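Student: This is what each chain is made of:
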Amino acid sequence: MLWIAQRATAALLALCVLVHLATMIVAVRGGLTAAEILGRTRGNVGWAMFYGLFVLAVAIHAPIGLRTVAGEWLQWRGHAADACCAAIGVLLLALGGLAVAAVTL
Amino acid sequence: MSSNLDVDVWRGGAQGAYRRYQVPRQDAQTVLDVVTWIQRRLDPTLAYRFACRVGMCGSCAMTVNGKARWSCRTHVAKVAQNNRLTIAPLANLPIVRDLVTDMREFFDKWARAKGQFSPTATRRDDFARVVPTLPARKEIDAAIECIGCGICYASCDVVAWNPAYLGPAALNRAWTLVNDSRDGDRAVRLAAVAGDAGCHACHTQSTCTERCPKLLSPTASIAGLKRASARAALKGEL
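Line order of the protein sequences matches chains P and Y. If you're matching positions, the first sequence starts at 1 in the numbering used here and goes up one per residue. If you're matching positions, the second sequence starts at 106 in the numbering used here and goes up one per residue.
A couple of the hints might just be wrong.
Only part of the chain P face toward chain Y is listed, based on derived beta-carbon distances under 10 Å [stated by the list, open to error]:
no.: 1; residue: Leu-2
no.: 2; residue: Arg-42
no.: 3; residue: Arg-77
no.: 4; residue: His-79
no.: 5; residue: Leu-93
One-sided excerpt, in silico: chain P residues whose CB lies under 8 Å from chain Y [as the list claims (entries may be wrong)]:
no.: 6; residue: Trp-3
no.: 7; residue: Ile-4
no.: 8; residue: Gly-71
no.: 9; residue: Glu-72
no.: 10; residue: Leu-74
Here are a few chain P residues that sit away from chain Y, every Cβ distance over 10 Å (derived from the structure) [to be verified]:
no.: 11; residue: Met-1
no.: 12; residue: Val-28
no.: 13; residue: Gly-30
no.: 14; residue: Thr-41
no.: 15; residue: Gly-43
no.: 16; residue: Phe-50
no.: 17; residue: Leu-56
no.: 18; residue: Leu-98
Hints are computed from structural coordinates only; laboratory data are not their basis. Keep in mind that this is a model prediction, so the values were computed, not measured. Every residue, glycine too, gets a C-beta built ideally from N, C-alpha and C.
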């Protein structure tokens with residue numbers, strides 16, 4: 001199931017990253033200020049859901065990959081390695097969630 | 106052709122070293138010819154394996170100039186650089202002595218990948234008919250030709266990084282049985298290859314496919330197992 005979760009989130013991330021990059025380029029080239037950007041994102045359920053999904057996908061995808069890297073490159077496997085990777089996932093979710101909340105709430 | 110080959114051959118066990126031999130260059134000479142010449146003319150203590158000499162048995166694989174190859178069908182002309190050869194035992198396997206590796210782990214992994222055929226019929230039933238044009242049968246037309254030489258296993262980085270990884274050959278074998286209409290253990294086999302040491306550990310680097318002397322694609326077999334086990338997992342069959 002980890003493999004399926006990583007594949008599914010990878011597909012989602014490919015889409016999210018494209019939308020994110022396009023949004024950034026449009027915002028910057030359009031000359032929007034930080035205040036103007038926040039004015040558009042705050043209270044916007046669509047952006048909150050998009051970036052919430054983005055963060056969730058990252059929080060699932062990254063720890064699964066790190067778990068493989070830890071096993072193959074550091075020869076670190078077992079419950080401690082799994083717990084550490086899961087903790088990184090929770091950290092990513094928390095930090096990402098805070099960032100999303102800061103710009104959309 | 107009158108020149109000599111400088112041949113460095115691995116001697117001893119894991120802590121051994123290369124020893125250099127001078128071997129006369131001959132037309133249509135294979136790497137197995139070179140090793141045999143050394144053993145018969147220069148050093149009868151040299152240990153190596155071979156049986157059929159014609160690319161059927163899969164027993165003579167060695168590392169030649171850094172790459173795993175079947176020595177009986179590898180022409181010196183194809184691999185020698187400046188009339189030099191370096192011959193070592195297969196990687197990713199314990200060395201017994203000289204060019205002989207311990208293949209037990211390699212074949213134990215076939216068993217761990219549930220590489221045994223599990224018949225659904227008995228000896229009292231009629232012969233099973235496998236229609237050659239069925240998609241599942243055509244899927245494994247190439248994969249069933251594996252000769253178990255271990256070249257893919259020795260060439261696989263994931264095996265080197267993760268010693269529990271079942272490896273390309275065992276997973277290729279599992280894929281042939283997953284597609285065998287006469288076999289009754291599909292779910293058990295998919296469960297056996299779906300863990301951390303199974304098909305999902307493959308990074309699709311495809312070195313196995315590049316090096317396979319039979320030109321098979323274990324990568325494609327592993328991709329098939331990934332799809333089949335993912336579908337089974339989503340259906341709750343694993």
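Student: Would the stated hint for Trp-3 of chain P survive a check requiring a Cβ distance to chain Y of less than 8 Å?
Tutor: holds (4 Å)
Student: Given Leu-74 of chain P as an interface hint, is the shortest Cβ-Cβ distance to chain Y below 8 Å?
Tutor: violated (10 Å)
Student: Is the shortest C-beta separation between His-79 of chain P and chain Y less than 10 Å?
Tutor: Violated: closest Cβ of chain Y sits about 13 Å from His-79 of chain P, beyond 10 Å.
Student: Would the hint on Leu-93 of chain P be counted as holding, given a Cβ-Cβ threshold of 10 Å to chain Y?
Tutor: This hint is violated: Leu-93 of chain P lies away from chain Y, its Cβ roughly 23 Å from the closest one there, beyond 10 Å.
Student: Evaluate the condition: distance from the CB of Met-1 of chain P to the nearest CB of chain Y exceeds 10 Å.
Tutor: Met-1 of chain P is in fact no farther than 10 Å from some Cβ atom of chain Y, at 6 Å.
Student: Find the nearest Cβ of chain Y to the Cβ of Gly-30 of chain P and say whether that gap is larger than 10 Å.
Tutor: holds (40 Å)
Student: Can we keep the Gly-71 of chain P interface hint, with Cβ of chain Y closer than 8 Å?
Tutor: For Gly-71 of chain P, the interface hint holds, since the closest Cβ of chain Y sits about 6 Å away, which is under 8 Å.
Student: Does the claim that Leu-98 of chain P lies off the interface hold, with its Cβ farther than 10 Å from every Cβ of chain Y?
Tutor: It holds; Leu-98 of chain P is separated from chain Y by about 32 Å at its closest Cβ, greater than 10 Å.
Student: If you take the shortest Cβ to Cβ gap from Glu-72 of chain P to chain Y, is it below 8 Å?
Tutor: holds (4 Å)
Student: Taking 10 Å as the cut and beta carbons as the points, is Phe-50 of chain P off the interface with chain Y?
Tutor: Phe-50 of chain P clear of chain Y: closest Cβ-Cβ about 26 Å, beyond 10 Å.
Student: Grab the minimum C-beta distance from Leu-2 of chain P to chain Y and call the hint holds if it beats 10 Å, violated otherwise.
Tutor: holds (8 Å)
Student: Hey, is Gly-43 of chain P genuinely clear of chain Y, shortest beta carbon separation above 10 Å?
Tutor: The claim stands: Gly-43 of chain P keeps its Cβ more than 10 Å from every Cβ of chain Y (closest is about 37 Å).
Hints 2, 4, 5, 10 and 11 from the earlier list are contradicted by this structure; the remaining hints agree with it.
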